[in-house]
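**Student:** Protein chains in written order, with the working numbering: chain A, 3 to 659; chain B, 6 to 183.
Since the hints were derived computationally from the structure, they do not count as laboratory data. A few of these clues could be false.
Okay, derived cross-link-like pairs now, DSS-like style, lysine-lysine, Cα gap no bigger than 30 Å in a straight line [to be verified]:
#1 B/Lys153 x A/Lys131
#2 B/Lys10 x B/Lys167
#3 A/Lys160 x A/Lys131
#4 B/Lys22 x A/Lys160
#5 A/Lys209 x B/Lys22
#6 A/Lys157 x B/Lys87
#7 B/Lys22 x B/Lys8
#8 B/Lys41 x A/Lys228
#9 B/Lys166 x B/Lys11
#10 A/Lys507 x A/Lys547
#11 B/Lys60 x A/Lys157
Counterexamples of contact, computed for chain A against chain B with all Cβ distances above 12 Å [claimed, not checked]:
#12 Ile44
#13 Pro122
#14 His139
#15 Glu147
#16 His182
#17 Trp261
#18 Trp393
#19 Val437
#20 Glu501
#21 Asp596
#22 Lys606
Using N, Cα and C, we set each Cβ at its ideal position, and we do this for glycine too.
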Amino acid sequence: MRYAETGVNLEIDLSRGSIEKEGTDPRLTELYLGGLGTNAKILWDRVTPEVDPFSPDNLLIFSTGLLGGTPAIGANRTIVSTFSPQTLLMAYSMMGGFWAPELKFAGYDKVIIRGRSPNPVYLWINNGKVEIRDASHLQGKSTYETAELIREELKEPKAQVISIGLAGENRVYFASIETHRGSASRLGIGAVMGDKRLKAIAVRGTKDVNIARPAEFMELCNDVLKFIDYRLNNPITGVPPILAYIGSPQEMTLHDEEWHLNSFAWGNARHRRKDFWNEEVKKKWAEILENARKRLISCYNCPVKCAGIVYYPGHPTYIMKCFSKLTYTMAAMADNIDFGLRIAARAQHYGVDGFSAPQVLAFALELYEAGILTDKDLEGMPSDVEGRFNWLLDRIVRREGIGDVLANGVYWAARQIGKEAEAYDHNTIKKHEQVPIKLGMLNPIYYLMWSTGEKANITQIEGQIPQAPLPKEVREEFVKDWVQVPTGKEEKFKQFVLEWGEEGKNFPFWPPIDVVSELVDWQEIMHYIDDSTGICAGLSSFPIKPPYHIHNLPILISHATGIDIGEHELWKIASRTRNLVRAINVRKGLRRKDERPPEDHWKKRFPEYEAKLLDEYYKFKGWNNEGIPTKESLHELGMDYITEDFEQRGILNNEQS
Amino acid sequence: MSKVKKKVKVINIDVDKCNGCRACEVICSAFHAAPKYSSINPERSRIRVLFEPLKNIYVPVLAGEYTEAECNGRYIYTIDGKEYDECGFCRASCPSRELFKEPDSGLPLKCDMCEEEPPLPEPMCVQWCLSDALTYEEREEEGEEEEKLGEMEIGLESLVKKHGVKTVMDTITRLAKK
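Construct all of the structure, not just a fragment, from the sequences and the given hints.
**Tutor:** See the structure below:
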């Protein structure tokens, strides 16, 4: 009997219309857990680097995490992995909600899609019965409409549905996959789903998920729940409200936007607007949100209310999660703070990424102001900025006119447009639009995270530590109950928090590089664990002092699965997955030259020091000077198969010498 | 029959506070698994959250009595501009729908307030509802003293229910004559 997982994957070939149920090797669970870990192993084994993201040979994997569907609080993430049409590297994006647990209850750990359907279809998984169904009547329907129509036609109100909208159908490089309570937005995975002509996947499951050591497991779940209750009522002092709680930042509860509006860049990641947020706006915004937000809601088995049902008169109802309530407002340099709420309603129905889409729109308008895009390119565009954003968005999701170019994202659009448009592509890393933050002094920790983060997304690597020095008076108190720190690092990391901000103890040359490396590694490894267990980063790797940490996670996994692992072993498993993802990307051509934040990311840069940071971090990770895992470190992790492949392809031999 | 003071256990439901996380379903199905907590399956839960996010409808419903036949009416309730159908609030395990039936056997499920020895401070769904959509209350009520039925009576009662009192009487009379 398999515990926590089902031990079965669904293999769907949309070209042939075949459906198979494949038993999985339990040894892979011991080596990679599940979720991202086993997804990466499948991509390594089955998708060669020559395969184009829009080839039928590319795989699109929808996975539960190892603990998904168990009573482990917040273990509900759907981990989607494929190759990105935008970065041409491995894409992994995730979403919360209810879909992954439902898939487990239907009896599967993953749905692996290959091929491309000749006609638009959707997948209906009803326990053991799986059908590929016609979706021609759903073409052009919005993400939310599609889900509702499918539930109606199946007469299954309890079916959980994930779907793409127009953007995904038209292979927009920043198209998302949406479910009512979550969206897998980053890296264009919605475009891959659209390329496979798969409009949606509906799931209904009524089977059991089993726990190996029930009493012990539940005791730990109860402890976690108690700690969540404690943390919800005891925000951390000395940090901005948005960072003080747990969950994905409590965007729908907190109306204090000072931190975002003042420190993030507006427009095409260009301007700081420090005068926007004032008492008047603050009051107005609180009122708008209180009216628009009909209810605060959560994902499966999680008490933290990170999302809100938003209804804005004249716009379709949608579920707002996280920061996209402001990303469009800021990118448009809009004067009405509620603009973001209004356009997000349409954007989510179209199914686009709430971070990339506003950046692309702002980029286009900047090109227009610079005369690179002309009235001819933008014929019919309204004159007001809100109208322009809506107009451009409508064209992008349909790939009409200039929209066809912009639909490829900032990096590719800049190169297609030419005429020095490349100079306006100043906020992408690895060809992917980033959160618009342009600050003054180089931050060595963030330098390494932005550079080497394999998800090309800062929120998927950061966490655990405060983002700025804590006020002196709260530092002692902060480190007193900082139980989340890994064994052996207590002294070092606590000292970092205690000293940070003292005379001479500041960025860029402090803390010492070894501490920088260890802090980055800790933050990153915690994310890799979550992405494999399916536990939400909002309860684990993302906030400061989270309920899940390196000390209780191994016990939780052991009790759930019956596979005994300790802290050291779990760290090693996560490193294995981390190196496997790196290896997949190395095989796709990722090298040191790709690992750098944009030139203007900080005003004060230190090229020599940055090179040294990267050198030392690579060494710390067991990678060579090009960021490629070495033969020795791969052997240590039991991944000689990667070395063999690298040597055959001349990746290691050529570049190590 | 004499009047007595009885302790009545109540789970109060505040639909406005429900965040739709379904933790109540998770913990209920785990608690009632055998061995305890060994499996999870919301379909076995004796509480279900009926929800339609886009309509902002969130209704936790506790499994009530089993009913042999569906009821005759179909009504629509409109509350705060939102339409609920009558079945939405109904607690019965009823032939007209799938709700509150064991997925394997089809046998009816009913909330038992997590009764066990020693007693829990609160039913598990209430303990796991940090939003306080579910709260627990023990009320003292005056009521009829409950008749404790013996094993034989319980058996006969179900026979009567199935075959009618006359058939049962006739059969017993016939059996007695043998």
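**Student:** Does each hint hold? Answer for all of them.
**Tutor:** Evaluated hints:
A threshold of 30 Å between alpha carbons decides the hint, and for B/Lys153 with A/Lys131 the separation of about 47 Å lies outside it, so the pair is violated. Between B/Lys10 and B/Lys167 the alpha-carbon distance is near 33 Å, which puts this suggested pair outside the 30 Å criterion. Taking the CA atoms of A/Lys160 and A/Lys131, the gap is near 16 Å; set against the 30 Å cutoff, the hint holds. Note on B/Lys22 and A/Lys160: the hinted pairing holds, with a Cα-Cα distance of about 21 Å set against a maximum of 30 Å.
Of the supplied pair hints, the one linking A/Lys209 and B/Lys22 holds, its CA atoms being roughly 29 Å apart against a limit of 30 Å. Between the alpha carbons of A/Lys157 and B/Lys87 the distance comes to roughly 20 Å, so the proposed pair stays at or under 30 Å and holds. Distance restraint check for B/Lys22 and B/Lys8: the Cα-Cα separation of roughly 37 Å exceeds the 30 Å cut-off, and the hinted pair is therefore not satisfied. With a C-alpha separation of about 20 Å, the suggested pair B/Lys41 and A/Lys228 falls inside the 30 Å cut-off, and the hint holds.
About 28 Å separates the Cα atoms of B/Lys166 and B/Lys11, which keeps this hinted pair within 30 Å; it holds. Between A/Lys507 and A/Lys547 the alpha-carbon distance is near 23 Å, which keeps this suggested pair within the 30 Å criterion. Between B/Lys60 and A/Lys157 the CA atoms are separated by roughly 18 Å; this keeps the pair inside 30 Å, and the hint holds. Consistency note on A/Ile44: stated as away from chain B, and its beta-carbon is indeed over 12 Å from all of that chain's, at 26 Å minimum.
Every CB of chain B is more than 12 Å from the CB of A/Pro122 (nearest about 23 Å), matching its label as outside the interface. Listed as outside the interface, A/His139 is consistent with that label: its C-beta sits roughly 20 Å from the nearest C-beta of chain B, beyond the 12 Å cut-off. Taking the minimum C-beta to C-beta distance to chain B, about 10 Å, the non-interface status of A/Glu147 is violated against the 12 Å cut. Not every beta carbon of chain B lies more than 12 Å from that of A/His182, the smallest distance being close to 5 Å; the non-interface claim is violated.
Distance to chain B confirms A/Trp261 as a non-interface residue, since its nearest Cβ pair spans about 25 Å, more than 12 Å. With a minimum CB-CB distance of about 26 Å to chain B, A/Trp393 clears the 12 Å threshold, and the non-interface call stands. Under the 12 Å C-beta cut-off, the non-interface status given to A/Val437 relative to chain B holds; the minimum distance is some 27 Å. Distance check on A/Glu501: its Cβ is at least 37 Å (rounded) from any Cβ of chain B, clearing the 12 Å threshold; non-interface status holds.
Listed as outside the interface, A/Asp596 is consistent with that label: its C-beta sits roughly 40 Å from the nearest C-beta of chain B, beyond the 12 Å cut-off. With a closest Cβ-Cβ approach of about 44 Å to chain B, A/Lys606 is found to remain outside the 12 Å limit, as its non-interface label requires.
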